[in-house]
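Kindly generate the complete structure, drawing on both the sequences and the hints.
Number of protein chains: 2
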Amino acid sequence: MKIAIVQLNYHIGNFEQNTSKIIEYIGLSKAGGADLAVFTELSVTGYYPQDLLERKEFIEQSYEALKLIAAQCTEIAAIVGGPSINPEPRGKKLFNSAFFMYDGAVQHVVNKSLLPTYDIFDEYRHFEPNRNFSVFDFGGKKLAITICEDLWDEQETQNEFGREKLYQLSPLKELSALNPDLVINISASPFSYNQENWRKNILVKNAIKYQLPIVYVNQVGAQTELIFDGGSCFLNKNGEIQDELKYFEEDFRIIDTESSTQNLQPKTGYIEKIVRALILGIRDYFTKMGFQKATLGLSGGIDSALVLYLAVEALGKENVRVLLMPSRYSSDHSIDDALQLARNLDIKYEIIPIQPMVDTFGQSLSEVFANLPANVTEENIQARTRGILLMAISNKFGNILLNTTNKSECAVGYGTLYGDMNGGLSVLGDVYKTDIFKMANWINRDREIIPVNTILKPPSAELRPDQKDSDSLPDYEILDQILFSYIELNLSPDEIIEQGFDETTVLRTVRMVNNNEYKRFQAPPILRISSKAFGFGRRMPLVARYS
Amino acid sequence: MKIAIVQLNYHIGNFEQNTSKIIEYIGLSKAGGADLAVFTELSVTGYYPQDLLERKEFIEQSYEALKLIAAQCTEIAAIVGGPSINPEPRGKKLFNSAFFMYDGAVQHVVNKSLLPTYDIFDEYRHFEPNRNFSVFDFGGKKLAITICEDLWDEQETQNEFGREKLYQLSPLKELSALNPDLVINISASPFSYNQENWRKNILVKNAIKYQLPIVYVNQVGAQTELIFDGGSCFLNKNGEIQDELKYFEEDFRIIDTESSTQNLQPKTGYIEKIVRALILGIRDYFTKMGFQKATLGLSGGIDSALVLYLAVEALGKENVRVLLMPSRYSSDHSIDDALQLARNLDIKYEIIPIQPMVDTFGQSLSEVFANLPANVTEENIQARTRGILLMAISNKFGNILLNTTNKSECAVGYGTLYGDMNGGLSVLGDVYKTDIFKMANWINRDREIIPVNTILKPPSAELRPDQKDSDSLPDYEILDQILFSYIELNLSPDEIIEQGFDETTVLRTVRMVNNNEYKRFQAPPILRISSKAFGFGRRMPLVARYS
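Taken in sequence, the protein lines are chains A and B.
Mapping of the first sequence onto this note's numbering: residues 31 to 577, in sequence order.
Mapping of the second sequence onto this note's numbering: residues 31 to 577, in sequence order.
Keep in mind that the hints were calculated from the coordinates and are not lab data.
Be aware that a few hints might be false.
Each pair may be met inside one copy or between any two copies, as identical chains are not told apart.
As the list claims (entries may be wrong) - DSS-like, lysine-lysine: derived pairs with alpha carbons at most 27 Å apart:
| hint | residue 1 | residue 2 |
| --- | --- | --- |
| 1 | Lys86 | Lys549 |
| 2 | Lys562 | Lys86 |
| 3 | Lys235 | Lys203 |
| 4 | Lys267 | Lys171 |
Given below as structure tokens:
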């Protein structure tokens, strides 16, 4: 059977665009001689529409779109993802469904059984799980259709301390009892830098265990925080990947389930994956929000340097402008490094020293503050003055402010709310500082783009004389390992100490993480590249006592 | 049977405090001659711990606390809520459980069947639903224990367009087949100004339908956004409420299931309920975060006046200080009204005019802005300058900034991010402007606390000459009705227009709501008083196209 794997970038709620894309690719599939074109999970709506699924007009528009698409399915079949209304009187209103279309109409509706409701997933919030399994004939084959998580009944890793079977059911076990010839899985599986490996393991294990070939079709593109990396593939029943589509790009391929030629993608390291993911994340945020231009503050440090590079890659240098905002504590090399980078990337920049504003605030507050000693208050005024200037550029010229906070800072609250934590999108908020250095070196692999001095000098916020990050934080090499153990691995402080880290450092780090939930609560959306990012995938109560 | 209804205010994760409170009340119950003391849902951890439930050390501490509590249950039984580890190899790691303790140990563990996963609820994220039902004998009676949502299989109102049966199971139907004598329900049912009525309806309907008396014990106190109002009660099998405990306060009463005397609470109107809820919300936020003192900007307008009144009620006048920050666009009456209120409430205030900072920003930006006309940029600089000043007070003196944005503004994005949207807690972000006027009048019912001029003058942001809210927004009477229909009732724009509202106004309002998701994403936590508040109970994608 010839199957078109259609890996597209959808826009949530943009029915017009999603529908015309799907229809275009049904045409291409037909022209290419495919018997069946397979699209991704919730393709007609984009994944994930969250509480838009609770709106009547949204569901109505989705059904209208599906009708238009089905009408195009003549002499070809298609599988398209979308919500369907639960006809039963009990349970959630909707199913997360795959619509099998043929002869101009929907012929079968297959509903998702395993509804991920952990980390960034909220599916049981909106959908009723399927409990009935069936296969059907098409083109002389029995097809078993599954939706994303349906193949993940046994998880490789788990948030919930090592539990392997999160669900009561194993959909593929139920389906395999019905003797299918082929498994089709439509997915919207968000990127993390490990996800490609986990995903392939799951697919390979399932193909081998049930001795069934699998057509796996994954969404590509970013939806605010979540980046979908594509990498759709076809595996034969021995678990060998025969076909693999591109990563981080739309792609389309007609495969023959009987062919045995292999056509795979080149392997990439995790740093390159993160770079590609973040560029896609920025680009799609701007495109889908209807924005073109970005701005950010360039400090001479490595974080803002990296964000600038990524923004230029994503949006083009003509769409990015930066502000240098030196203070009396800025070192000469910071300004030089920032200027050098702006020149390397040929970027419009302006310089506005912040001292006049900082002084005026100081004068206006002098009576209220009487003779109280300077403390973090005055440091925050500097960071917030920069925040106002950047937002002024943003408001006046329509350039969206990119936030430059990294994950290490974000974790320990080393940043000023309403100051350097400002921005429409956090580009690096899920990237640890130690990985940021690796990214900078990777970007410089052929020539110096990011000034070497920016990479080599000790990190500093430059909010008081001779300040260094290491004055108030453990070395990033240590800090990032503790943070990774606490956040990604969900280890307890005791377990982290048992790994050999200094007890005082571990307890202090964990306390900083817990005490700064309130800051992260008001942080911009963070592009997710790890298995546990700050944001809606990590929901921590604010008023809690942590111990 | 004599049952102690123990309605307490817990602190999430504060096992020491929660445990000693529970133990104290087991003692009081025993001393009062009770056979059984009933505590609330997840009482040992506080409701709702969110992803703390995924942390090993959290679950271990919870089990240790339960052991300490069980040891106290001699000559009295107790029902205490907490997570329990799922012993089965499949499904989520935990159950949401009621622990029945007697003879110094846990005798029965009853698990929750219906796991609310909508609006502000995330229970299926962490818990496996129970599917097995049993009753047990105690003191000559067969007890059926249920947990909160277990009684809500048929909902009075639904987010998901009018669906009445959200679940496959009806726990009370299953339990009633086992012939219990008494139903006990332990709850953590968050306040909204309608919730008391909905809750009583559910309880009355269930008692009558199954001809069973119900002991209903609800949590009280606030956990960040969520306010729990108590109002625990006992209903006889005819659905008559015999006993009703206090609202918005801890309370404790030993009831006799055979007695027929009635002891109810006075009825209160919804405006008074909102006032009491918000005062509790502020107080518990501060107490549980370990804060004492608050600050806010007093503009002379009604929103900041109301927040100041509520803060003084919650924290005491000695713990609140305010800043008046007039600009060249502030009218004389604004300053007079603000001063009058500060004097009425006997509050420390300071006056810092913002013009010096605004001018300095203007000078520093003059070259970059060349001769571009003034627009919203300059208005935002004013609001953000105020934001910096307030945060400076907050940082220097440790007074937490209270946000004064109301729900109408928050909905349409009429506010400045990093300016007047700043704050640790949004007090009025779930209260429509029209209700704010009603609250002010209710507060003034005996004497003028909030200056009458503050209530009567037309609302204005005073960011440019002679500005009025009505220049850019529909009248609040109209606006709030449209917003309520769109947000609380989840009606489509067409349905709202069919109610008789002007089409252009409806479409413009809905567009403003949708276009400002990005602002609300970075707003402070909002005290929830309605059935649909902004925040984690309303999850909307940012990059979506809304239509």
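Hints, one by one, checked against the model:
Taking the shortest alpha-carbon separations for Lys86 and Lys549, only the inter-copy value of 25 Å comes in at or below 27 Å, while the best intra-copy value is 35 Å. For the homomeric pair Lys562 and Lys86, the shortest alpha-carbon distance between copies (17 Å) is at most 27 Å, but the shortest distance inside one copy (33 Å) is not. Only within a single protomer do Lys235 and Lys203 lie at most 27 Å apart by alpha-carbon distance; the minimum there is 13 Å, versus 42 Å between protomers. Taking identical chains as interchangeable, the C-alpha atoms of Lys267 and Lys171 lie at most 27 Å apart only when both belong to the same chain, with a minimum of 15 Å there against 60 Å between chains.
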